Amino acid sequence: MNFGLVGKNISYSFSQKYFTQKFISLGLSNYSYEVFDIQNTNELPDLFKLPNLAGFNVTIPYKQDIMGLLDELSPEAEKIGAVNTVKIHNGKKKGFNTDATGFKDSLLPLLETQHTSALVLGSGGASKAVTYILEQLGIRYTVISRKGENSYDSLNREIVSSNFLLINTTPVGTFPKVEDSPPFPLEFITSQHLVYDLIYNPEETKFLRLAKERGAKTKNGLEMLHLQAEAAWNIWNDQD
Numbered sequence: 042m043n044f045g046l047v048g049k050n051i052s053y054s055f056s057q058k059y060f061t062q063k064f065i066s067l068g069l070s071n072y073s074y075e076v077f078d079i080q081n082t083n084e085l086p087d088l089f090k091l092p093n094l095a096g097f098n099v100t101i102p103y104k105q106d107i108m109g110l111l112d113e114l115s116p117e118a119e120k121i122g123a124v125n126t127v128k129i130h131n132g133k134k135k136g137f138n139t140d141a142t143g144f145k146d147s148l149l150p151l152l153e154t155q156h157t158s159a160l161v162l163g164s165g166g167a168s169k170a171v172t173y174i175l176e177q178l179g180i181r182y183t184v185i186s187r188k189g190e191n192s193y194d195s196l197n198r199e200i201v202s203s204n205f206l207l208i209n210t211t212p213v214g215t216f217p218k219v220e221d222s223p224p225f226p227l228e229f230i231t232s233q234h235l236v237y238d239l240i241y242n243p244e245e246t247k248f249l250r251l252a253k254e255r256g257a258k259t260k261n262g263l264e265m266l267h268l269q270a271e272a273a274w275n276i277w278n279d280q281d
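Residues in the sequence shown are numbered consecutively from 42, following my numbering.
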């Protein structure tokens with residue numbers, strides 16, 4: 042039975058190693074997990090022609106593009122507007138979002154009383170899962186992107202000082218471009234801030250390192266990766 046990860050320029054991903062080790066530990070010698078590095082959305086339909094493909098994970102930049110190729114969406118994936126897990130069962134292709142539960146379960150133990158509002162960097166598929174959870178938790182948020190009213194250029198001391206939860210959902214700083222960092226005014230970060238970067242490779246991004254130097258508490262995306270992967274595994278093993 043075959044599984045895999047779909048994305049673009051994803052040689053950095055730990056998913057293949059994670060699931061391969063899982064299959065070995067469970068004695069599933071007939072299970073495999075591959076990396077499907079796709080350069081163009083036009084190639085996405087070809088995935089479903091692969092033999093014995095029972096499901097796959099989806100990462101940047103196809104979490105929204107994949108939705109139009111599926112037969113059904115889970116209620117959560119439909120509300121979020123992004124899919125990171127696909128299950129293929131009896132010829133039916135169904136999309137789920139396990140990023141949401143992975144993010145929620147890894148964030149909750151870190152929240153303190155001042156974390157009542159957030160700045161979310163990026164507006165892609167991962168951002169949609171993050172904002173979905175923030176809404177569930179009653180945490181106000183503003184999505185920051187490179188263009189528009191809420192751009193990085195609009196950030197100042199007042200805005201950063203009134204949002205003590207900062208979440209990077211962009212791929213900026215991912216291996217191998219480890220010296221890159223979102224254009225965020227780091228000088229306004231304080232010890233009251235919690236800075237969460239969904240990136241897990243490298244273990245500490247430049248963004249997290251510089252935030253930590255300002256006294257902030259920091260969290261990378263590795264625990265979220267593991268939690269969403271386990272949720273995906275449970276979906277693939279559910280016979281419904």
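Be aware that a few hints might be false.
[To be verified] Mimicking DSBU-like on lysine-lysine, the simulated pairs with C-alpha atoms at most 35 Å apart in a straight line are:
no., residue 1, residue 2
1, Lys-218, Lys-188
2, Lys-218, Lys-145
3, Lys-145, Lys-188
4, Lys-134, Lys-247
5, Lys-49, Lys-63
6, Lys-120, Lys-134
7, Lys-218, Lys-253
[Said to hold, decoys possible] Label-pair restraints from in silico Cβ distances:
no., residue 1, residue 2, range
8, Ser-195, Ser-52, 26 to 36 Å
9, Asn-131, Glu-153, 41 to 51 Å
10, Glu-271, Ser-232, 26 to 36 Å
11, Asn-275, Phe-55, 44 to 54 Å
No lab work stands behind these hints, which were simulated from the structure alone. Predicted model only: the values in this text are computed from it and were never measured. All C-beta atoms in this analysis are idealised placements derived from N, C-alpha and C, irrespective of residue type, glycine included.
Against the structure, the hints:
1. Lys-218 / Lys-188: Roughly 22 Å between the alpha carbons, so the hint for Lys-218 and Lys-188 holds.
2. Lys-218 / Lys-145: Given pair Lys-218, Lys-145 holds - Cα atoms ~27 Å apart, limit 35 Å.
3. Lys-145 / Lys-188: holds, 27 Å
4. Lys-134 / Lys-247: The hint is violated at about 38 Å.
5. Lys-49 / Lys-63: holds, 24 Å
6. Lys-120 / Lys-134: holds, 18 Å
7. Lys-218 / Lys-253: With a Cα-Cα distance of about 20 Å, the restraint between Lys-218 and Lys-253 holds, given a limit of 35 Å.
8. Ser-195 / Ser-52: 26 to 36 Å: Once the Cβ atoms are compared, 34 Å apart, the range 26 to 36 Å for Ser-52 and Ser-195 holds.
9. Asn-131 / Glu-153: 41 to 51 Å: holds, 46 Å
10. Glu-271 / Ser-232: 26 to 36 Å: holds, 33 Å
11. Asn-275 / Phe-55: 44 to 54 Å: Violated - the Cβ-Cβ distance for Asn-275 and Phe-55, about 19 Å, lies outside 44 to 54 Å.
In this structure, the hints that do not hold are numbers 4, 11, in rising order.
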